[in-house]
Structures are given as C-alpha cells and as structure tokens.
Amino acid sequence: MDLNVVTTEEKGYKALLKYKDFIKIWVGNTVSRFGDAIDSIAFLWMVYEMTGSTLMMGTVMAVNAAPAVLFGMMAGVLVDRMDKKKVMIITDLLRGFSTAMMAFLYMWDMISLWHLYVFTFINSSCEVFSSPARASVMQVLVDKKHYLTANSLRQASSSLAEIAGTAIAAIVMGYLGIGVAILIDSVTFLISSFTAIIAKIKISSSKNIPLNIKQFYYEFVEGLTVIKSNVVLMVSLTMACLVNLVLAPFNVLMPEYSDKILMAGEKGMSLILMSFTIGMVAGSLIIGQIGHRFKKSTLVIIGFIGLGAGMMLFGFISNVQLACVAAVVGGAFIPVISGGATTLMQESTPVDKMGRVSSTASTLSLLGLPLGYAVSGIMSYGINVLTTFKFVGILIILVAIPPLFIREFRKD
1 MDLNVVTTEE KGYKALLKYK DFIKIWVGNT VSRFGDAIDS IAFLWMVYEM TGSTLMMGTV
61 MAVNAAPAVL FGMMAGVLVD RMDKKKVMII TDLLRGFSTA MMAFLYMWDM ISLWHLYVFT
121 FINSSCEVFS SPARASVMQV LVDKKHYLTA NSLRQASSSL AEIAGTAIAA IVMGYLGIGV
181 AILIDSVTFL ISSFTAIIAK IKISSSKNIP LNIKQFYYEF VEGLTVIKSN VVLMVSLTMA
241 CLVNLVLAPF NVLMPEYSDK ILMAGEKGMS LILMSFTIGM VAGSLIIGQI GHRFKKSTLV
301 IIGFIGLGAG MMLFGFISNV QLACVAAVVG GAFIPVISGG ATTLMQESTP VDKMGRVSST
361 ASTLSLLGLP LGYAVSGIMS YGINVLTTFK FVGILIILVA IPPLFIREFR KD
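Residue numbers (the working numbering): 1 to 412.
One should not assume that every hint holds.
[What the hints assert, rightly or not] Each computed EDC-like pair below joins lysine to aspartate or glutamate, with the alpha-carbon atoms no more than 20 Å apart: (1) Lys202 with Asp143; (2) Lys85 with Asp352; (3) Lys200 with Glu408; (4) Lys295 with Glu408; (5) Lys353 with Asp259.
[Stated by the list, open to error] Beta-carbon label-pair distances, calculated as ranges: (6) Tyr19 with Asp83: 14 to 22 Å; (7) Met263 with Asp143: 26 to 34 Å; (8) Gly265 with Leu44: 14 to 22 Å; (9) Ile198 with Gly265: 45 to 53 Å; (10) Val221 with Lys260: 28 to 36 Å.
It is worth saying that the hints were derived from the structure and are not from the lab.
None of the values given here were measured: they were computed from a predicted structure.
Every residue gets a Cβ at the ideal spot worked out from N, C-alpha and C, and that includes glycine.
Work out the full structure: start from the sequences and follow the hints.
Following this line, the structure appears as structure tokens:
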C-alpha cells in the first residue's frame, strides 16, 4: 500500500531557523547596528565638544556622505568581482580598527579634527563596499520564497537595536565617557566580522576578465542595463528610492510641528520619533510573519497608501498623544514598502549583478534626501505645517497610483 506523505512547509519566522548561516550574519548585523546607534550619538557629541561649532559638525557629516556620493555606484562593479565574504570581513575589521583608534586617541587626549575627517571617510568608504556585498550574500543565504521574511526580520532587529543603542548611549557616556561609548562600537564591528568568518557563504565573483577603464565602464553600464531592461526591477527600485524622498518632510516639519502645534517642544518630538520607530518594528514583525500571503507589488502599493494616510493624520492632530498614534501608523508601513521593494529587487536581479544594482539603489536613495529636504522646505514656506502634512500625505498616496497600471509589476 502506498502512503502519500504530506509535509507542511514552515511559514513566517520559523522558516528562517533552518538557515543557520543567515542567522549568523543576521546576529552580527544586529549587534553592529546596536553599536552604530551608540556611536552616532557619542561621535556627534565628541565633535561638538571638540569644536563647539555646528558648522564644523556639518563639515564632518559632509565628509561622511562623500564616499557614497563620489563612488557609491561604482563600488558595485568592484564588489561584483570580489569575494563577498572577504569584503564583509575586511570592511568590518577596518571599521573596527578605525573606530578603536578614534576612541583611544580621544581617551588619550591626542585627537585632532583632521583625525575625525580621516576616520569618518574610512568608515563611510567601508560601508559603501560592505552594503552591496551583504545585499549579494543575502540572495544565497535564504531561498527566494523567504526573502520577504528575512528582510523584515533584519529591518525589525535593526530598529530595535537602534532604540536600545540610543537609550544606552546616554548612560554609557554619562558613567564611562564618550571614548568608551565609541570603543563599544568598534567591538561590535569585530563581532560582525567574526559572524561572517564562521558563516558558510558560497558565492563567486562575476568576472575573470582583467579590469581596465573600458571594462569597468562596460560592467557599470551592464548593471544599469539590468535595471532598465526589467520593468519589475525598475519600478521596485524607483519605489524603494522614493521612501527617503517622501520621508524628508517628516524630519523637516517635525520640530516646528511639535513646538508650535503640539506645544510639546523637544520632548514631544522625541516621543513622536520614538513612536515612529516602534511602528517600524511592529510593521516589520507583522509583514515578516504574514507577508507571504500577498504579492510583493501589492505590499509596496499598500505601504505607500498607508504611509500617506499616516502623514495626513498629522495635518488634523494638535494633541501629542494622538500624534504618537499617527507616528506609529506611518512608521508601520515603512517596512511594508521597503520589504516588498527589496524583495522584488532580490528576486529580479541575477546574483552576479546584485552588487551593482544594490549600490545604484543606495546611491539614488541618498540623493533623494537632499531633494526631499529642499522640496519640503519650499512647501512649508508660506504654508502652515498642518496643511503641508495633508498635502505631503496626498502626494505619497498619489505615488502608489502609476504602478497600478503596470501589468508586469502587478504580477509579482
């Protein structure tokens, strides 16, 4: 007698337990994000303490953004040719060493402003190479059908790590000092590099042809061609890049909104920003568990509609408690957008070209920030904050309409 054995496939987060190497990389990434959250506060305070100037702080931040702007897209070409595991390990070790040197120089009272420029440029340059390498690695660590769950888990844990790091930063700085806070971040980089070392990552480089200027240009254009020739990839990448653009007004308008509308000052703004992050964590956890039931394109469209509705709510609210609720609502839809768009990008991009595609996405997202800040600043000039929030919310919802008419996108 034949017996038909029916196996039930695990869904949601339980399905990720079988990907041991993904778990290792995920743990390392989460620990590193925790350290980054502590360091971001400690570093800014150190710069301010050393210079007493917001102008100088701005120059340091400009140096931090420079590598991504200068060669972010080009880094993808090189990463696609490299051993991704080695890239992750080396960049984490370099950042760990650079951050530790900065911490020790500060504690020994030997640090100068030029040190900050150098260390900031090194760390940011490492990130430019590390991000596309990790994006490529994620494609081989998890099966396609579990991309969304894995992306959602990474988003949720990163947000939680940032909350924890931000909360602990003040305690560490208060009792142990700025140098120790920065040193903690260097240790988290070492932990992240160790998890990459012990993880089994099988992914080869894409080219054996010697690299010269002509070949470099060819491979760079090849990455752009992959994007242009794939409608789903083009739309999902565009939608992902729009997230930073549409979030810019939230950051620009929030101080005035909290101060003049809510009458809550910086405390109210802090509560709203914390609520927004809590919403992101909740949205990530929910979409990671049930997102497999929906098309990724549907998630992206729903995400923009939900985010727009959340932004519009601020235009009708003058109470800090209700504003926090609106922040949770808006924040919850961010991972719905990013999770769906990132998963579509992973599913539509060949592994040997993921470095170029992901670095292009990161660079375009970065370029969207100043544009978003400029547009929101112009919009808020002469228009009251509540009206601006309503208008921005409507614009975000309108972004979701064009993809509805693209058949290839709706199928995924």
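Hint-by-hint comparison with the structure:
The straight-line distance between the Cα atoms of lysine 202 and aspartate 143 is roughly 14 Å, inside the 20 Å bound, and the hint therefore holds. For the hint linking lysine 85 to aspartate 352, the alpha-carbon distance of about 14 Å falls within 20 Å, and the restraint holds. Of the supplied pair hints, the one linking lysine 200 and glutamate 408 is violated, its CA atoms being roughly 35 Å apart against a limit of 20 Å. Proximity of lysine 295 to glutamate 408 is assessed by CA-CA distance (about 12 Å); at most 20 Å being required, the pair is judged to hold.
Distance check on the hinted pair: lysine 353 and aspartate 259 sit about 47 Å apart at the alpha-carbon level, beyond 20 Å; violated. Judged by the Cβ atoms, the range 14 to 22 Å given for tyrosine 19 and aspartate 83 holds: they are separated by roughly 20 Å. At roughly 51 Å, the beta-carbon separation of methionine 263 and aspartate 143 lies outside the given 26 to 34 Å, and the hint is violated. A hinted range of 14 to 22 Å holds for the C-beta pair glycine 265 and leucine 44, which are about 20 Å apart.
A beta carbon spacing of about 47 Å between isoleucine 198 and glycine 265 agrees with the range 45 to 53 Å that was offered as a hint. For valine 221 and lysine 260, the hinted distance range of 28 to 36 Å is not satisfied, since their beta carbons lie about 49 Å from each other.
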